[in-house]
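Modelling step: build the complete structure from the supplied sequences, incorporating the hints.
The UniProt record's numbering puts the first residue of the sequence shown at 1, with every later residue one more than the last.
What the hints contain is simulated information worked out from the structure, not anything from laboratory work. None of the values given here were measured: they were computed from a predicted structure. Even glycine gets a Cβ: it sits at the ideal position worked out from N, Cα and C. None of the hints are false.
Now the in silico label distances, taken between C-beta atoms and shown as ranges:
| # | residue 1 | residue 2 | range |
| --- | --- | --- | --- |
| 1 | 150 | 73 | 28 to 34 angstroms |
| 2 | 41 | 117 | 47 to 53 angstroms |
| 3 | 71 | 94 | 23 to 29 angstroms |
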Amino acid sequence: MSVIVPLKYRKEIPAFYYEEPFFAYSFDAMDKELLLHQWRGRDICNQFFRSQATWGIVVWESMFKVEKPIGSIGERRDGILEAHFFTLPFTPNVLTSIANSVSTMQGAKAEEIFDQQIIRFIFQLEDTVNIERLRKIFEGIRPTHALGMEAVVTGTDAIPLQVEALSRYHDHEYLFCGDFYPEDDLEGRIYEESLPVTTIEREHTFMYPECNDFYPGEE
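Okay, structure coming up:
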């Protein structure tokens, strides 16, 4: 199997070197070193962002004076963000940022209920919220005039609901009360027929059927 110089380097060398192993291996090694250098550069840049820091997370923790950091990298990043919020003022914008930090959809709102002296956080019905972490951060910056917080959800006024039900029809000729009859996978004596529906409980009961009558299984 011949070793070929990568296409992007061929224009830099004569054509008779294209299948020369020395050049092929040299350019391949250079490619790997360049990729490693790029990866290291991106890795260093990531340490300057709290949400992406890994081995540099200890610097962030020392900056925000996080005491005894424990847990996974993700949990330690959350701890740094909490420590950052603890240094901020108690304002509507900060409260909204706190709510969005514990929200998946990040469309939360914060409003003050003056007559109750509480803060109300409003989330979407489809959202996923870490209420425990929200309360922890809120209590860390809550001033004395704010008595507490509450979290509510809001959604659309109407939710479409589709209900499906199966119905069966039995047409028996010369059927007499108490007679035995087979029906595919069911068999027994006819006494009554009922059809329950999950949303609204309804029953249709036929007692003592008469000969050759037709009985539908739905309204």
